[in-house]
Structure formats: structure tokens, C-alpha cells
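Residue numbers (our numbering), protein chains in the order written: chain A, 4 to 380; chain B, 147 to 226.
Just so you know, the hints here were simulated from the structure itself, not pulled from any lab data. Hints should not be assumed to be uniformly reliable.
[Claimed, not checked] Away from chain B, derived, C-beta distances all over 12 Å, residues of chain A: (1) D113; (2) R254; (3) T304.
[To be verified] Distance windows between CB atoms, simulated: (4) R141/A <-> D188/B: 37 to 43 Å; (5) S174/B <-> E158/A: 55 to 61 Å; (6) A236/A <-> D178/B: 30 to 36 Å; (7) S174/B <-> H205/A: 32 to 38 Å; (8) S174/B <-> A233/A: 15 to 21 Å.
[To be verified] Quick look at which bits of chain A chain B covers, simulated, 3 or more residues with Cβ under 8 Å: (9) 235 to 247; (10) 362 to 374.
We treat Cβ as the ideally placed atom computed from N, Cα and C, and that holds for glycine.
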Amino acid sequence: MTNRGTGPVRLAVLQPTPFCNLDCAYCYLPHRDDRRRMSAQVLDAIGRNLVASPRTAEPLSIVWHGGEPMTLPPDWYEDAFARIDRASGGRDVRHAFQTNAIGVNDRWIDLFRRRDVRLGVSIDGPRDLHDAHRRTRRGRGSFDLSMRGAARLAEARLPFHLISVLTADSLSRPDEMFDFYVAHGFRDLCFNVEEQEDAHPHSSLDGAGMEAAYRRFLDRFFARIAAENAPFACRELDAARALALSPPDARRANPQTRPLEIVTVAVDGAMSTYSPELIGAAAPDYDDFRFGNVCEGGPETILDTPAFQRLRADVDAGIAACAETCAWFDVCGGGAPANKFFEHGHMRGTETLFCRLTRQTGLEAALAALESHVRAA
Amino acid sequence: MRRLRFLLAAVLAASVPSVAAPAPDGISTVQDQRRALDLRLDQLGSQLREDTAETTAPRRWAQWYNWGNWSNGFSNWRNW
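Pulled out of the complex, with its shape left as it was, chain B reads as follows (with noise of 0.2 Å):
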């Protein structure tokens, strides 16, 4: 019964699309967005790094966002 409802789950999620993300005015496809989300970082980051020195070296890094939960203070990457 388990295995019938993990491939009646996956038959129906592949058949409905996922819900895409908001759009902002006047960006319509998804790469579009994407690119949107980017430029973004990279004038934050522009504008972080003309703020104060200490941010030009992060106390968290970006790879240890995507722990998800996991990103709970041990990474290596984590150097403080």
C-alpha cells in the first residue's frame, strides 16, 4: 500500500506543474527572474561591500544557506 501511494504521488505531481514564482512588473519568464534576483544580489553586494570593510568577508558564508536546517552553526565554511 505504501509503495502504491509513493507512485501514485509522484504520477500525479508530474503531471501538475509547480507553482511558479511571483512575477515582478514587467518580468515574465522564470530566467527572466532569475537574472532579476541576481542583479539584485549584485548591487546589494556592491552596495554592502562600500558600506563597511567587515562585510567583505562574511561571518556565514552562501554555500551554508542552502543547509536548509542543517545550517545550524557547524559547516566549515562557517569561519568565526
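The shape of chain A in the complex, shown without the other chains (with noise of 0.2 Å):
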């Protein structure tokens, strides 16, 4: 009923910096100020412990997450790039970005072209709801720096998916951000939800009615997806198809709470596993969810440490209670690590709002949609 497997690695999030230019009102992150940039020892351990380590898979996904990514130049990268290549012997990797896209130029665009790097923007619909949360450090908007290298991207025909993270304030305005996306070319979009976690502590989500709100809000933008006549990518329905398409036993496969399908490394090479947003959070009892280091060994290394086995134990038993418990298990696999430590303070609970929205309100509705699409048809 439990996880008991590890690995293979098929996702490394890795922090160059936890530096961010912007403020962002829902970041997570209590780290955001510190400048510290990964290390050369710590990319070549990187490449030559991780990357190459036989408990990771190939191709591996590698995600450059911040702080903000592009707050290092692009030599840093091609530096960064070149390094993990020659100490992992060549292993296939496929670099991402995510990122806000503040300061996108030639230089950038040629770097992601050359390297084919997966790019995902974060952009929250129009200008006053991104805004009102996506601020500069000087409290100023980031839509026009954002939206400018959104374009610049585009004018470069780089394809690139956008994040947009809902809050309250989204939730009544399902057809503007419709009309938004089409209206500059974004037509591959995923929703996040405001979450509870780690330095921000309380969503604007959590609240009575906010989960109607949420459906009513899928349930007119699925609307919407199905009228328009041209392609229109949401992560969402995507996910939901796929369900469907998938046999029952792959269903609640669970990458957040199989030990070393993802490892995180942080910007002084500490390592982690399960959900990447735990990594440096207050937890005495796992070790600030620090478990070795990357310049000293592989992933396997995380297995082996005590507070790594305390994790374990306690994730595996919240899984086994939200198999007792609950009826999207088996579309789910034990929700995600992060948000019930974050929301509950320990791993051994069940339910989150993470999971009422995402997992049972935004599957709810994505099936009502496309079991309305196939009785259309």
C-alpha cells in the first residue's frame, strides 16, 4: 500500500541561488535576500555524484529553480552546463527553467536555444492580479518585465508554458484570464494554487467557499477551452485525460512521496528528497530535510542517514492513513509531503487544502469536462 521503492532520480531541482528580484507576496522561500551562488566543486560533485550515479535515470530532468534562475548571467550557466556534461561522463540530461523571464536578450535566447532548455514562465493573467502579488523588491509591479521577456521569447519562437498561481482574487475571473492567455499566445498554461507553505504561511484559498469557487472558476475556463477552435494546453485537463488513458495500478503513481524519484540540491550542495519545497525548512527531527551533501556522495547517501529514515517512516505512514481514509487514493498515492508537514506540522496526517483543491475539486471538474466533451462527441 506504501511507497517502498526508491528512485530511480528522474527529476534533480537544482538552486544556483536562493536570490530572487522579486518579492513575491505567496513565495515560499524564507531565503530570498542571500546571494550565494553555487560553487564549481558543487556542480562538478553534482555531475560526477548525481547525474552519473547508476540510481539515476537517463535522460534526467534537470530544473534550475531559485530563488529566481535569471539572476545568474548566462556564462554562469554555460559554465554550470559544460561542467556537469564533463564530470557525468555525458550523461543525457534536459535542462528547464523556471522562471518570471526578467531580463531575457540574445544572449539568453541563444543559451536556451543551443542547449534546448525547457522554459516555464510565470505569469499570473492580467495586469492587476499579477501585480497585486508578483512586486519588485521597491514594491513595483513585475507584469511589464515579465510580459517583455515573455515576447522576447516568443518573437525567438522558444516554446514555453506558463505558470499562473490562482489565489482569491483569480477565482472570479475565469473568462478575462481566458481572454488574457489567447490574447498574447499563451496557449500552454498550468495553474498552481496558493499554497500554505514553509515562509508563507496562510492562502488567500483557505476559506469557506473557496473551494466552489475554485470548481466554478475550472468549470467556466474548461468552458472556454472547449469553444475555442485553435489548440489550448492546460496541465489540468491534460492531467485528468491521462488518467483516464492510464491503467488503474499506474494511477497513483507518486514521484512526491517515492524517496529519490526527485532530489533536490540546494545552493551548498545539501541534498533532499520527496517534495523539492522542504529543503532548509525548520524541522529538528529530519534535519531541516538536509540529508548529506552532494560533494560527498550520491543519492544513495540520502537513504543512509537517520533523519532520512525518520522522514521515512513518518511519510509512509501519512500514506497509509490517506489510503484508509481516502477516495482519491488510488489518482493520487499519498498527496504531497510538503504541504502536509507544512499545513498539519508533521507528515503522518491525510488531507490538506492542497489536496481539496487540486487533487479533488480540480479532478472533479476536469472530468466533468471531458466526460462532457465525449458525450458531445
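With the hints in hand, could you dock these two chains into one complex?
Structure representation (C-alpha cells):
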């Protein structure tokens, strides 16, 4: 019932710097003023001990996630990619950036194109929705800066998807949001919900009526997609479609609850696993979710640390509790450990706000849209 | 103090059952609800396969769903 296996490592989330040039109201990262950069020694060790590890799948997805990864210059990544290539003996990796796209220029475009970097851009929708939360350190909205970067990527014909964080303010405006995406040519979209994590302990979506409002938002947004005469990809619909098309025993696969499928490496080389948001969060029983250092060994060393073993026992207990009590367990596999930890204060619990919104309400809305689609066909 | 809060939260959570999923009409247990959702997905999957050949190769795969907010398109399972 629980997720007893480990790995292989399929996703490495690397933190080149904790620093971010924005100060978003809903950000969970507590150290986004920290301007340290990942050292050459750590980059070489990532290639040698993580990418080249027999426990790592090939190709490995590497997501450069911050802080804001683009606060370091393109030359830094030229060197970082080359170091990882060299130290790993040329193992096949797929680099990706999740970015606010501020400062995209010809050098960035050249790097992204030459290295076939996958791109996700964070824009929350129309200006007022975006600027309400995604602000510069001087408190100004970042809409124009991010839209300029997205426009440069589009001009260069580099594909990217958009991630929009939904807050309580967004939920009454599905039509405006849809019209905004279409007007700007954004046709590959993922919705994240405002979560309660670490430095951001309260979500505007945690309140009476919010799940119903989220359902109404998705119902309307999916109806607009259905009525659109051109392709429009939305992760939430795609994911439900994929669940329906998968064999039942594959539906509960959950990389966030399987050790080593995701390995996070912090700026100083510290490693973690399960949900990437966990690393560095205050948790004395789990050594703040820092399980060894990539300079001293590969992902297998995570498994040997007593703090990880305590964590694994608690995560497994939480998964078992989900299996006993949750009707959605077979399409979820035990939730997101980070959300359990930050919402409940421990790992042994079950349902979270994140579950109710994304696993339950979101899936029900997507299934209803798909069922309506096949009935009409 | 942080450790105390942590332990207190764990004890309180262990004593409070989680909120059960809403039961559709005529379905009483969680296990029944799980089976009903599986059946619903199976039926939808069959209909989607009949509907268009394209959906036999979904753009994003099921495992990908459970990356949560990390399912932002960077998984190896997203074959596009």
C-alpha cells in the first residue's frame, strides 16, 4: 500500500542561488535575499555523484529553480552545463528553467536554443492580478518586465509554458484570464494554487466557499477551452485525460512520495528528496530536510541518514492513512509531503487544502469537462 | 518551543480523523468510493479512446499529475 521502493532519480531540482529579484507575496522561500551562488565544486559533484549515479535515470530532467535562476548570467550556466557534462561523462540531461523571464536577451535566447532548455514562465494573468502579488523589491508590479521577457521568447520562437498562481482574487475572473492568455498567444498553461508553505503560512484560498469558487472557476475556464477553435493546453485537463487513459495500477504513481525520484540540491550542495519545497525548512527531527551533501556522495547516501529514515517512516505512515481514509487515493498515491508538513506540522496526516483543491475539486472539474466532451462527440 | 509545537500538532492530528471524501449516492465506504472513481476513469478512458485516436498517446502522462505544483512540464514523462 505504501511506496516502498526508491528512485530512480528522474528529476533533479537545483538551486543555483537562493536569491530572487522579486518579492512575491505568496513565495514560500525564506532566504530569497541570499546572494550565494552554487560553487564549481558543487556543480562538478552534481555531475559526478548525482547525474552519473547508477541510481539516476537517463535522460535526467534538471530544473534550475531558485530563487530566480535568471539572476545569474548566461555565462554562469554555460560553465555549469559544461561542468555537469564533463563530470558526468556526457550523460543525457534535459535542462529546464522555471523563471519570471525578467531580463531575457539575445544571450539567454542563444543559450536556451543551443542547449534545448525547457522553459516555464511565471505570469499570473492580467496586469492587476499579476501585480497584486508578483512585485519587485521596491514594491512595484513586475507585469511589464515578465511580459517583455515572454515576448522576447515568443519572438525567438522558443516554446514555453506558463504557470499562473491562482489566488482568491483570480477565481471570479475566468473569462478575463482566458481572454488574456489567448490575446497574448499563451496556449500552454498550468495553474498552481496559492499554497500554505514555510515562509507563506496562510493562503487566500483557505476559507469558506473557496473550494466551490475554485470549482466554478475551472468549470468556466474549461468551457472556454472547449469552445476555442484552436489548440489550448491546460495541465489540469491534460492530467485528468492522462489518468483516464492510464491503467488503474499506474494512476497512483506519485514521485513526491517515492524517495529519490526527485532529488533537490541546495546552493551549498545539501541534498533532499520527496517534495522540493522541503529542503531547508525548520524541522529538527529531520535535520531540516538536509540529508548529506552531493560533494560527499550520491543520492544513495540520502537513504543512509537517520534523519531521512525517520522522515521516511512518517511519510509512509501518512500514505497508509491516506489509503485508509481518502476516496482519491488511487489517483494520488498519498499527497504531497510538503503540504502535509506545512499544513499539519507533521507528515503522518492526510488531507490538506492542497489536496482538496488540486486532487479533489480540480480533478472533479476536469473529469466533468471531459465527460461532457465525450457525451457531445 | 518549535519542537514542542511540532509534537503537539502530531498528537492532535493523530486523534482527529481526516475529513472523509464526500460519498456519492449509495456508496458508503472509502474503498467503495475508490472503486467507483476507478470505474469512472476506466469508462471515460474507453470513451476517449473511441473518440479520437490522438488520445491513445496523451500529451502528459498520469504519473505526471502527482508531481503537484512541480508538474510544471519538466518531467521525462511529458513526451512532447
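task = Could you check the structure against the hints above and give me the numbers of any it violates, in ascending order?
result = 2, 4, 8
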